[in-house]
Each structure stands twice: as C-alpha cells, then as structure tokens.
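Based on the hints, put chain U in the right spot on chain S.
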Amino acid sequence: MIQRILIIDDSLPLHQLIRSQVEHEGWQFHCAYDGQAGIEMALELRPSVILLDVDIPDISGFEVCRRLKANVETSSIPVVFLSADLSTGDKVRGLDLGAVDYITKPFKAAELSARLRASIRVKQLLDQKAMIDGLTGLWNRKYLEDHLAAQTSLAVRSGRPTSYIVADVDRMRQINKKHGIPFGDEILRSLSNILLSQCRAEDAVCRLDGARFAIVLSAMNRTGAGRLAERLSSTIQTRLLSRAGKDVGVTCSFGVADSLVTGDVTLLERAELAMIRAKQNGGACVVIARPPRKEKSAA
Amino acid sequence: MSQIVMIVDDSKPLHALVKVHLGEENLVFHSAFNGSSALDMVASIKPDLILLDLDMPDMNGFDVCRFLKVDPSTANIPVIFLTASTSSDEKACAFDSQATDYITKPFDSNELIARVRVALRTKRLLDLLPPANCPTAQEAGSAREVNSRPLDSTCLGAPSATV
Numbered sequence: 001m002i003q004r005i006l007i008i009d010d011s012l013p014l015h016q017l018i019r020s021q022v023e024h025e026g027w028q029f030h031c032a033y034d035g036q037a038g039i040e041m042a043l044e045l046r047p048s049v050i051l052l053d054v055d056i057p058d059i060s061g062f063e064v065c066r067r068l069k070a071n072v073e074t075s076s077i078p079v080v081f082l083s084a085d086l087s088t089g090d091k092v093r094g095l096d097l098g099a100v101d102y103i104t105k106p107f108k109a110a111e112l113s114a115r116l117r118a119s120i121r122v123k124q125l126l127d128q129k130a131m132i133d134g135l136t137g138l139w140n141r142k143y144l145e146d147h148l149a150a151q152t153s154l155a156v157r158s159g160r161p162t163s164y165i166v167a168d169v170d171r172m173r174q175i176n177k178k179h180g181i182p183f184g185d186e187i188l189r190s191l192s193n194i195l196l197s198q199c200r201a202e203d204a205v206c207r208l209d210g211a212r213f214a215i216v217l218s219a220m221n222r223t224g225a226g227r228l229a230e231r232l233s234s235t236i237q238t239r240l241l242s243r244a245g246k247d248v249g250v251t252c253s254f255g256v257a258d259s260l261v262t263g264d265v266t267l268l269e270r271a272e273l274a275m276i277r278a279k280q281n282g283g284a285c286v287v288i289a290r291p292p293r294k295e296k297s298a299a
Numbered sequence: 001m002s003q004i005v006m007i008v009d010d011s012k013p014l015h016a017l018v019k020v021h022l023g024e025e026n027l028v029f030h031s032a033f034n035g036s037s038a039l040d041m042v043a044s045i046k047p048d049l050i051l052l053d054l055d056m057p058d059m060n061g062f063d064v065c066r067f068l069k070v071d072p073s074t075a076n077i078p079v080i081f082l083t084a085s086t087s088s089d090e091k092a093c094a095f096d097s098q099a100t101d102y103i104t105k106p107f108d109s110n111e112l113i114a115r116v117r118v119a120l121r122t123k124r125l126l127d128l129l130p131p132a133n134c135p136t137a138q139e140a141g142s143a144r145e146v147n148s149r150p151l152d153s154t155c156l157g158a159p160s161a162t163v
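Residue numbers (the numbering used here), protein chains in the order written: chain S, 1 to 299; chain U, 1 to 163.
Please keep in mind that the hints were generated in silico from the structure rather than gathered at the bench. Heads up, the beta-carbon is just placed ideally off N, CA and C, and yes, glycines get one too. A hint or two may mislead.
Here are the simulated DSSO-like cross-link-like pairs (lysine-lysine), alpha carbons at most 30 Å apart as the crow flies [to be verified]:
#: 1; chain 1: U; residue 1: 46; chain 2: U; residue 2: 69
#: 2; chain 1: S; residue 1: 123; chain 2: U; residue 2: 123
#: 3; chain 1: U; residue 1: 123; chain 2: S; residue 2: 129
#: 4; chain 1: U; residue 1: 69; chain 2: S; residue 2: 108
#: 5; chain 1: U; residue 1: 46; chain 2: S; residue 2: 123
#: 6; chain 1: S; residue 1: 69; chain 2: S; residue 2: 108
#: 7; chain 1: S; residue 1: 123; chain 2: S; residue 2: 142
#: 8; chain 1: S; residue 1: 108; chain 2: S; residue 2: 177
#: 9; chain 1: S; residue 1: 105; chain 2: S; residue 2: 129
#: 10; chain 1: U; residue 1: 123; chain 2: S; residue 2: 108
#: 11; chain 1: S; residue 1: 142; chain 2: U; residue 2: 123
#: 12; chain 1: S; residue 1: 123; chain 2: S; residue 2: 69
#: 13; chain 1: S; residue 1: 279; chain 2: S; residue 2: 142
#: 14; chain 1: S; residue 1: 123; chain 2: U; residue 2: 69
#: 15; chain 1: S; residue 1: 142; chain 2: U; residue 2: 105
#: 16; chain 1: U; residue 1: 46; chain 2: S; residue 2: 108
#: 17; chain 1: U; residue 1: 12; chain 2: U; residue 2: 123
#: 18; chain 1: S; residue 1: 177; chain 2: S; residue 2: 142
#: 19; chain 1: U; residue 1: 69; chain 2: S; residue 2: 129
#: 20; chain 1: S; residue 1: 69; chain 2: U; residue 2: 69
#: 21; chain 1: U; residue 1: 105; chain 2: S; residue 2: 105
#: 22; chain 1: S; residue 1: 105; chain 2: S; residue 2: 177
#: 23; chain 1: S; residue 1: 69; chain 2: U; residue 2: 123
#: 24; chain 1: S; residue 1: 246; chain 2: S; residue 2: 178
#: 25; chain 1: U; residue 1: 105; chain 2: S; residue 2: 123
#: 26; chain 1: U; residue 1: 46; chain 2: S; residue 2: 129
#: 27; chain 1: U; residue 1: 123; chain 2: U; residue 2: 19
#: 28; chain 1: U; residue 1: 123; chain 2: S; residue 2: 105
#: 29; chain 1: U; residue 1: 46; chain 2: U; residue 2: 19
Which chain S residues face chain U? A few, computed with CB under 10 Å, are given here [to be verified]:
#: 30; residue: 92
#: 31; residue: 94
#: 32; residue: 99
#: 33; residue: 110
#: 34; residue: 115
#: 35; residue: 122
#: 36; residue: 130
#: 37; residue: 135
#: 38; residue: 140
Pulled out of the complex, with its shape left as it was, chain U reads as follows:
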C-alpha cells in the first residue's frame, strides 16, 4: 500500500525536485506552500511523513512541527526538516520540536531516499501497534466528574466478602 508524503515548502521547484527523487518509492504526494495551509490539510490527508521547510512566509517550520506534535491525532506523523540551514543550533531546535530527522539542502537524492525510508519504516511499525485507549467523550466526561470526588466510604450494593 502506498504511503502518503506531504511536502511543505514555499518553493514550487523544490516540490518538483523531491517528487522526482522519490519517484520510485511508491508514494503519494501532497503539497502545501505555507505552514498554515499545511496544518489545515493534515487532518484530511493524514500523511505518513511530512517533509518540512524551516523558513516559510507565514509560520516557520519549528512552529508547524510543534503544532503537529501537541495534537494527539498528528503527533505520531514523522517530520523531516528539509532546509538550507546548516546551523547546529537550528538542528538541535528542530529535534527539540520533536522532528524525526534533519536534511540540509542541497541534498543527495540517495540520502534523501534512505532517510525517508527510515522515517516511513518507523511510521509503519507504529501503525501496526494498537492505539492507547481514548474513552468516548461521554465516558471521559464522567471520568472527570467521578475522579474529582474522593472514594465513597459506603458499600454500593455489591455484596463483599473476605477470604
């Protein structure tokens, strides 16, 4: 089954270049040209990987990544920064915003393919494992209500015994 890659970069030629390099990897591509449209698109596209530029006109890549990672529905999507910045501080900042990897432009196509494969391999593994329990809204509501009370000191109907 094809995996979905979303490219977020304000440079149209970059989108074309990445698609050419990853053309034989059985991937489906989606493009966003700024951070806010990427965040709008991500819920409906549900990508398996996001290739994210750092310097974009509206939001920078760090902010986009942080938004993705605080939302439980998108937190497990791996993010690879694809940027011209080679600064160690920016690399560290990218990983601190929970990016999976950081590739500097100009990049070697084979290295891009290999690093994309690593990220998609991990995502496939995560998808195979079961999700943690998320109680329904109704049950979660009652959970808050009940957990805010101390335990009752009286028996609530069920007969109890000791052994």
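If we strip away everything but chain S, and leave its shape as in the complex, we get:
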C-alpha cells in the first residue's frame, strides 16, 4: 500500500527539498501551502502522516493541529511538526496538542525518513487494531468490507475467483438463555479458533456480528469453498458437541457464493441468502449459491 504524506508548509522549496530527500521511500506526496487548504486536503486524502510547519500564513500550525485532532475524521492521522524554532516551549506545545513528533529545521534526510517511518508504523498498527473484533480477536465487519472489495476487484483482474462463506451458529439464543452469555461467548471464541485452524493463512476469517461469521477465500471457486464449509461444519459438530461438561451440540448453517456469478445481487448478499436457505433446511448444513437459471427464449 502506497503511503500518502501531506506536507503543509508555505515554502515551495521546502516541499521540493523533502520530496528529493526521501523520494527513495516510494511515498506519495501531497502539498498544501496554508492551514485551511491543509485541513481540507487532510479530510479528503486521509494521509498516512501530516508534516506540518508551525509558521504558516493563515492559521498557525498549532491551530491546524488542534482542529485536526478535534475532528473525528482526522484525529487518528499522525501529525509531525516541522519547524525552524528550536525552543522547547514550542516542541512541548506541539506534542501536547497531539502531534507524534517535532522535527527541527535544518533536518538530516536519514532522520526525517526514519521518523516518518516510525509514525507510519504506529498508524498502521492502530488502523489494524481498529479492525479487530473485541470478543474473538478475528477481523471485524469493517475489515471484511474493505478486504472483500479488494479481493473482488483482484478476482476480476486475475480471472481467479474469490469465494465467500457466511456461517451462523444455530440456536445461539437458546444456548445463551440456557447457559448464560459468558458461556455463549466462550462458544463463539472456540468456534473462532476452529474456523482459523481450518483456513489457509491467506484467508480472512471475520466475525460479522452476534453469532455470524464470514470467510473470504482468495483463488477458490464455490465448489472448493463448499468442501471447506462442509469440513468446518463437521469439525464444529465434533469439537463443540459438549463444552465444560455441558451438552451444547453446536452446529452452524453455512452459505457459500463465489465471484464467478455476476448480477445485481452482490457476492455478500448471495452468500447470506444461501445461509438463510440453510437455516430454512433445518440448520447444520451447507448451501451453495448457484447462478440463476436462464429463462428459455420464446420460440
């Protein structure tokens, strides 16, 4: 993924200097020459890092930082101050406003690169953690939506299908009612581990909500995904027959779809519809979404 760096500074030569000094990093640079334009570009671009001068013509760098941190849309973007002012007071003020670093001019290219890399690393870590489900540690719905869009696009370009499995735990409400929600949560965690253990490293296993899970499988058609779903179903029934001395007999309903079928209904919706059909069939089974039958043309 290409990292976008937004430089907010009124000096054109400084923009050019930074670009030339760290161009080997392969980052994409965007330039704003005053504070207002910088804030607007930050909202539009969502850069990986903002390099912000303290002394800019319209709004001071400190005020720009304060506004960026006050806006939920931009608050998580790391801000690195870049200033000729060596005074400790300004450094402290900038860092206390929420900046992650403060670099003084003149700067060495190696240090600038290294400090920007450190800021990008923290941003990536926070972004990744924000896409993790709190109960199971699997990816969450936000990640799934981003990942599925990328995978579907890749499938079109590469000609290799992406498959999607939706699994919903049968009778989860009764399990929670009978054994309590903490026990139900433990079941969901165990089930998560089973899903992870049966999938490949490149597959994305996610918890959608409640007792619903999803798996995105790259370079696999619905037949292969159906086999995997059947194996998951069998493993879940075997391993979650009982838990902590309680007979729970956990089963799941599975819906499977792949990107080879196109039309008005999305991959996600087709897998969901197949999963609902599996529920209607009594649960504990796998239903694969097939292409719609073609209408016979009128003679």
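Just chain U now, kept in the frame of chain S:
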C-alpha cells in the same frame, strides 16, 4: 491508573535524573542497568514504556530493541532511545529497530516529559483496542496439521444443497 516506565541505562545518576524530571507524571519506575537484565525483567514488569540507552556494557540498545520487537508479547511496548549520540545514522538505525522516539542527552526536562507523554498516549490507545486472535497451543497445532493437507475432495457428513 499509573503507567509503568522502565529505565535501561548503565548510569545510576541518569536513573535518578529521569525519575526527578518525570516525578509528577503519575508513573511507576523500574530500573535495569544492562540490556540482558532488562530483557529478563520485561516479561514480569510489563512496562508501558522503555527508556533505553544506546551504549551499554553487554548488549547495545539496538539489540535490546530488536529483541523486544520480535517477541509478540513485548512488540507493542514503545521504546524511546535516550542517548548522548547525535549521529543521524544512529538515529535512523534506532528507528529502523522500531524505536518510537530518540532523545539526545543532555535533554531538556520539558521535552522529555512531552515525548514520554506522546509515547504513553499511543500505548494507552493500543491497550484499549482488542488483541488479535491467538489460537490456543492445541488449536494452533491442529491448524498446522490441517493446513498442511490439501482440501478433501469428499463431503464430510454435513448435507449440502444448492440454491
């Protein structure tokens, strides 16, 4: 709640100085005087921040930092180098070993406080977010076993249908 800061430096006066400067920050301090004892202590102390010297008698700070960052249980602990070296190459090397920040001695107490606050702010944020799934040892073992096999071509019991 107090956050824990571990100071790793072979100079005892430096420990005292840092504690004085950060004295009003509601922090708990632990001291290690060389790299290997720091690595021994870190698992039990679980610090929220490590202030790490570069030049120490047994292991240098870069190696200590790299050890911390390859271990998943300590990888998220921010490390700030606190060193007399002002060389740009060493600064770059410190960040490449995944340090969070680099402060040169002699340092200004207010800047030290501000940079420590930034690192602790990020750590607090990371702690608020859920950890990624780590399957239990048993499940992980079976994962390796199963993933090394190709997918079975036969149906394994559950009835399947198509729509």
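Checked hints:
1. Using a Cα cut-off of 30 Å, the hinted pair residue 46 of chain U and residue 69 of chain U holds, with the two alpha carbons roughly 14 Å apart.
2. Between the alpha carbons of residue 123 of chain S and residue 123 of chain U the distance comes to roughly 12 Å, so the proposed pair stays at or under 30 Å and holds.
3. The straight-line distance between the Cα atoms of residue 123 of chain U and residue 129 of chain S is roughly 12 Å, inside the 30 Å bound, and the hint therefore holds.
4. A hinted pair counts as satisfied when its Cα atoms are at most 30 Å apart, and residue 69 of chain U with residue 108 of chain S qualifies at roughly 26 Å.
5. Of the supplied pair hints, the one linking residue 46 of chain U and residue 123 of chain S holds, its CA atoms being roughly 22 Å apart against a limit of 30 Å.
6. Between residue 69 of chain S and residue 108 of chain S the alpha-carbon distance is near 28 Å, which keeps this suggested pair within the 30 Å criterion.
7. Of the supplied pair hints, the one linking residue 123 of chain S and residue 142 of chain S holds, its CA atoms being roughly 17 Å apart against a limit of 30 Å.
8. The suggested pairing of residue 108 of chain S with residue 177 of chain S is violated, with an alpha-carbon distance near 63 Å, which exceeds 30 Å.
9. Note on residue 105 of chain S and residue 129 of chain S: the hinted pairing is violated, with a Cα-Cα distance of about 34 Å set against a maximum of 30 Å.
10. Of the supplied pair hints, the one linking residue 123 of chain U and residue 108 of chain S holds, its CA atoms being roughly 28 Å apart against a limit of 30 Å.
11. About 23 Å separates the Cα atoms of residue 142 of chain S and residue 123 of chain U, which keeps this hinted pair within 30 Å; it holds.
12. Proposed proximity of residue 123 of chain S and residue 69 of chain S is supported: the alpha carbons are some 14 Å apart, at most 30 Å.
13. Using a Cα cut-off of 30 Å, the hinted pair residue 279 of chain S and residue 142 of chain S holds, with the two alpha carbons roughly 25 Å apart.
14. For the hint pairing residue 123 of chain S with residue 69 of chain U, the CA-to-CA distance comes to about 16 Å; that is within 30 Å, so the pair holds.
15. For the hint pairing residue 142 of chain S with residue 105 of chain U, the CA-to-CA distance comes to about 44 Å; that exceeds 30 Å, so the pair is violated.
16. At roughly 34 Å between alpha-carbon atoms, residue 46 of chain U and residue 108 of chain S are farther apart than 30 Å, so this suggested pair is violated.
17. In summary, the hint linking residue 12 of chain U to residue 123 of chain U is supported, as the alpha carbons are separated by about 26 Å, within the 30 Å threshold.
18. Of the pairs offered as hints, the one joining residue 177 of chain S and residue 142 of chain S holds, with about 29 Å between alpha carbons and a cut-off of 30 Å not exceeded.
19. Proximity of residue 69 of chain U to residue 129 of chain S is assessed by CA-CA distance (about 17 Å); at most 30 Å being required, the pair is judged to hold.
20. Straight-line distance between C-alpha atoms of residue 69 of chain S and residue 69 of chain U comes to about 29 Å, which keeps the hinted pair within the 30 Å bound.
21. Annotation: proposed proximity of residue 105 of chain U to residue 105 of chain S holds, straight-line Cα distance about 19 Å (limit 30 Å).
22. Of the supplied pair hints, the one linking residue 105 of chain S and residue 177 of chain S is violated, its CA atoms being roughly 64 Å apart against a limit of 30 Å.
23. At most 30 Å may separate the alpha-carbon atoms for a hinted pair to count; residue 69 of chain S and residue 123 of chain U meet this at roughly 17 Å.
24. Taking the CA atoms of residue 246 of chain S and residue 178 of chain S, the gap is about 10 Å. The hint holds against a cut of 30 Å.
25. Our distance criterion of 30 Å between C-alpha atoms is met by residue 105 of chain U and residue 123 of chain S, whose separation comes to about 28 Å.
26. Our distance criterion of 30 Å between C-alpha atoms is met by residue 46 of chain U and residue 129 of chain S, whose separation comes to about 20 Å.
27. Between residue 123 of chain U and residue 19 of chain U the CA atoms are separated by roughly 20 Å; this keeps the pair inside 30 Å, and the hint holds.
28. Between residue 123 of chain U and residue 105 of chain S the alpha-carbon distance is near 28 Å, which keeps this suggested pair within the 30 Å criterion.
29. Annotation: proposed proximity of residue 46 of chain U to residue 19 of chain U holds, straight-line Cα distance about 18 Å (limit 30 Å).
30. At a threshold of 10 Å, the smallest CB-CB gap from residue 92 of chain S to chain U is about 4 Å, leaving the interface hint in force.
31. The closest approach between the C-beta of residue 94 of chain S and any C-beta of chain U is roughly 8 Å, which is under the 10 Å cut-off, so the hint is satisfied.
32. Interface hint at residue 99 of chain S: satisfied, since its Cβ lies 7 Å from the closest Cβ of chain U, which is below the 10 Å cut-off.
33. Restraint check, residue 110 of chain S versus chain U: the minimum CB separation of about 4 Å is within 10 Å; hint holds.
34. Residue-level restraint check for residue 115 of chain S holds (minimum Cβ-Cβ distance to chain U is 6 Å; threshold 10 Å).
35. With its C-beta approaching chain U no nearer than about 6 Å, residue 122 of chain S sits inside the 10 Å limit, and its interface hint holds.
36. The interface hint given for residue 130 of chain S holds, since its Cβ lies 6 Å from the closest Cβ of chain U, which is under the 10 Å cut-off.
37. Satisfaction of the interface hint for residue 135 of chain S is found here, the shortest Cβ-Cβ separation to chain U being roughly 8 Å, below the 10 Å cut-off.
38. The interface hint given for residue 140 of chain S is met, as the beta carbon of that residue sits about 9 Å from the closest beta carbon of chain U, less than 10 Å.
When held up to the earlier numbered hints, the structure conflicts with 8, 9, 15, 16, 22 and fits the remainder.
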